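Work out the full structure: start from the sequences and follow the hints.
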Amino acid sequence: MPHRPIVYWVSLALSASALGQPGLYYIPGTSDSNLDFLRISSDGTTVYGGQGGTWSWTPGEGRMEMPATVFTPKAVSDNGQIMAGDYWYDHVPGQDIVWPMVRTPDGQQNYLGPFVTLEQRVSIISAQGNVICGVTRQGSYHDRYYTWRWTADTGLINMDAFGLSIATDCSDDGSTIIGTSDIIVAAQVWRNGVTTFLPGLDPDNPNVASATACNSDGTLICGNAFLGPTHAPAAAIWENDVPRILPTPAGFRPYVRDISNDGSVAIGNLWSSQLQYDFVWTDELGALSALDYFAMFGIQLSSTERYTLEKVSEDGTVFAGTRTFPNGSNQNFVVITPAPAPLAILGALAAVSARPKRRGITAHSSTRC
Numbered sequence: 003m004p005h006r007p008i009v010y011w012v013s014l015a016l017s018a019s020a021l022g023q024p025g026l027y028y029i030p031g032t033s034d035s036n037l038d039f040l041r042i043s044s045d046g047t048t049v050y051g052g053q054g055g056t057w058s059w060t061p062g063e064g065r066m067e068m069p070a071t072v073f074t075p076k077a078v079s080d081n082g083q084i085m086a087g088d089y090w091y092d093h094v095p096g097q098d099i100v101w102p103m104v105r106t107p108d109g110q111q112n113y114l115g116p117f118v119t120l121e122q123r124v125s126i127i128s129a130q131g132n133v134i135c136g137v138t139r140q141g142s143y144h145d146r147y148y149t150w151r152w153t154a155d156t157g158l159i160n161m162d163a164f165g166l167s168i169a170t171d172c173s174d175d176g177s178t179i180i181g182t183s184d185i186i187v188a189a190q191v192w193r194n195g196v197t198t199f200l201p202g203l204d205p206d207n208p209n210v211a212s213a214t215a216c217n218s219d220g221t222l223i224c225g226n227a228f229l230g231p232t233h234a235p236a237a238a239i240w241e242n243d244v245p246r247i248l249p250t251p252a253g254f255r256p257y258v259r260d261i262s263n264d265g266s267v268a269i270g271n272l273w274s275s276q277l278q279y280d281f282v283w284t285d286e287l288g289a290l291s292a293l294d295y296f297a298m299f300g301i302q303l304s305s306t307e308r309y310t311l312e313k314v315s316e317d318g319t320v321f322a323g324t325r326t327f328p329n330g331s332n333q334n335f336v337v338i339t340p341a342p343a344p345l346a347i348l349g350a351l352a353a354v355s356a357r358p359k360r361r362g363i364t365a366h367s368s369t370r371c
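Sequential numbering from 3 applies to the sequence shown in my numbering.
Because the hints were derived from the structure by calculation, they are not lab data. Model, not experiment: these values are computed from the prediction. Among the hints, erroneous ones may be present.
Cβ-Cβ distance ranges computed for the label pairs, FRET-style [said to hold, decoys possible]:
(1) P208 x P340: 36 to 42 Å
(2) Q302 x Y113: 44 to 50 Å
(3) M66 x Q111: 17 to 23 Å
(4) R193 x T232: 27 to 33 Å
(5) G55 x P231: 42 to 48 Å
(6) S274 x M66: 36 to 42 Å
Each residue gets a CB set at the ideal place from its N, CA and C atoms; glycine is no exception.
Structure follows, in structure tokens:
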């Protein structure tokens with residue numbers, strides 16, 4: 003892989019994020035289970051998570067356990083007052099019955115029914131907490147997927163026009179919902195009752211794409227466009243439904259997970275048959291490994307664990323994810339950086355290094371190359 007010179011930030015006074023002082027923070031507690039969800043509040047002051055219990059975290063207060071629920075929380079609103087998740091109804095022998103529930107600010111826990119099948123799960127909740135979306139699984143082997151949408155006014159309704167899809171994100175008010183069709187691998191957008199396909203970048207396959215996250219008003223969407231007969235993925239951002247490629251290193255398959263509110267910062271994963279690592283992409287710097295990007299700010303990640311970036315704040319300065327130890331256990335972490343530095347400022351800093359080794363994680367292991 004071609005080496006990209008790394009510029010180290012020795013010292014520069016820039017404003018810190020609203021969350022706290024720049025640095026690497028490990029959230030207490032480990033788990034062998036997969037991450038249920040992570041959310042960074044819109045103002046960047048709080049991180050919410052669901053893994054080994056549901057919690058909120060700030061640098062000042064640390065990890066604070068959130069109220070227990072009879073269901074497994076899968077999503078939380080921006081202020082942490084509304085939680086939605088899956089209730090496993092185990093009173094019918096031999097059947098897995100999963101129904102969605104919500105916990106309201108007054109502490110009430112209610113079903114989101116009426117239900118049309120035995121398995122309906124929660125996927126996302128809007129920042130305002132007024133819209134909850136999930137997936138209805140049907141078929142003999144639960145191999146058919148339909149998105150559903152819930153509001154207090156409409157109740158739970160299946161979004162038939164959304165097709166066979168899984169909702170992946172929504173705007174703060176829930177008026178825009180994005181997802182990816184499971185039938186034709188196409189990115190879809192639902193806006194106030196109307197569903198459209200996001201245009202791809204391949205003339206021969208104009209709708210082949212996937213959508214993973216959007217900004218607060220749904221005008222910016224990130225994901226992957228698939229190119230050529232092999233459907234090779236390319237990192238992409240759609241602005242008002244117009245796509246553009248985010249340049250990433252050749253020879254790697256990108257997967258984009260999240261985007262800042264103005265689209266200037268994106269996070270995701272790059273992998274090949276021999277190497278994989280998480281990256282931070284910016285307008286000025288392109289795609290850098292997370293280790294290299296954070297090192298510019300004097301923040302060093304451990305070289306013996308895998309760091310997966312899951313979320314980036316609206317202003318692009320707070321990153322939340324999961325640290326995986328060699329034994330397979332997981333711990334959540336937060337990285338706070340100063341305001342993203344323009345390339346001109348970075349270029350003025352000394353300590354440009356051209357080292358031959360490549361920071362990354364060897365595929366299927368946790369050893370850095």
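Return holds or violated for the Cβ distance of M66 and Q111 against the range 17 to 23 Å. holds, 20 Å
At the C-beta level, are S274 and M66 separated by a distance inside 36 to 42 Å? With a Cβ separation near 40 Å, S274 and M66 satisfy 36 to 42 Å, so the hint holds.
Can the suggested window of 27 to 33 Å be confirmed for the beta-carbon pair R193 and T232? Since the Cβ atoms of R193 and T232 sit about 32 Å apart, the hinted range of 27 to 33 Å holds.
When you take the CB atoms of Q302 and Y113, is the distance between them in 44 to 50 Å? Holds, at about 47 Å.
Honestly, do P208 and P340 meet the 36 to 42 Å range at C-beta? Given a distance of about 41 Å, which is inside 36 to 42 Å, the answer is holds.
Is it true that G55 and P231 lie within 42 to 48 Å of each other by Cβ? Hint holds: Cβ distance 46 Å, inside 42 to 48 Å.
Hint violations for this structure: none, all hints satisfied.
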